[in-house]
Amino acid sequence: ETGVTQTPRHLVMGMTNKKSLKCEQHLGHNAMYWYKQSAKKPLELMFVYNFKEQTENNSVPSRFSPECPNSSHLFLHLHTLQPEDSALYLCASSQEYTVEETQYFGPGTRLLVL
Amino acid sequence: DQQVKQNSPSLSVQEGRISILNCDYTNSMFDYFLWYKKYPAEGPTFLISISSIKDKNEDGRFTVFLNKSAKHLSLHIVPSQPGDSAVYFCAASGGSSNTGKLIFGQGTTLQVKP
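Heads up: the protein sequence lines correspond to chains A and B, in order. In terms of my numbering, the first sequence has 32 at position 32, counting the first letter as 1, and numbering is strictly consecutive. In terms of my numbering, the second sequence has 80 at position 80, counting the first letter as 1, and numbering is strictly consecutive.
Worth flagging that the hints you see were computed from the coordinates, not collected in a lab. Because the structure is a prediction, the values reported are computed rather than measured. Please note that the accuracy of each hint is not assured.
[Said to hold, decoys possible] Derived EDC-like pairs: lysine to aspartate or glutamate, alpha-carbon spacing no greater than 16 angstroms straight-line:
(1) B/Lys113 to B/Asp31
(2) B/Lys101 to A/Glu96
(3) B/Lys101 to A/Glu100
[As the list claims (entries may be wrong)] Covered stretches of chain A (in silico footprint by chain B; criterion: 3 or more residues with CB under 8 angstroms from a CB of chain B, positions within the stretch not fixed):
(4) 39–46
(5) 76–83
(6) 97–103
[Stated by the list, open to error] Selected chain B positions facing chain A (Cβ under 7 angstroms, derived; list incomplete):
(7) Tyr39
(8) Pro44
(9) Phe46
(10) Asp84
(11) Ser93
(12) Thr99
(13) Phe104
(14) Gln106
Idealized CB from N, CA, C, for every residue including glycine.
All chains, full assembly: derive it from the sequences and hints.
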């Protein structure tokens, strides 16, 4: 496996469910990101982990809970979501959390909340 | 308030002609700009970037122009090829923090017709 992988690729969940999105990067990077892309809206940064420490939380509701156990893995734990949380969730990584370092994106998880 | 705007949701050009994608921003603190390309079912991939100390950056068929006074940047693709058909996102970063935090536009879908 190379690059940034995300599982699952598609997820349908009810508002009372608990699920987790997984991201893995095989690039040896130190920074990892979660983005959300809703229909017809720009990509929105949700969380950033740099050297396993959370450095950005872009006012994300607590029903989204990130976890970064090591520099290669990033999770997004979901619970009691709302239908408006339906979106494409993208993971990315970069060597460091600086603008000069290119962010490499995974293919995303398409989430539908019923 | 959207700080990075791509006002054209879509653009259609003939193969071999020039494609021009536009992006406007409102925050004068932005000092680094990027373009990403996204194919369906894939994550965005980095295309080209420009620092605010420059007004032009070229990479093969792709050239980005920056007009700081107008807070406007554009991506030129010459000549356009059918494989360039994708969604193009501009993004901006900047300020005193020098982090990798990117603000994205909502994207322009480019279709290059054979």
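**OP:** Could you work out which earlier hints the structure fails to respect and list their numbers in ascending sequence?
**Re:** 1, 5, 7, 10
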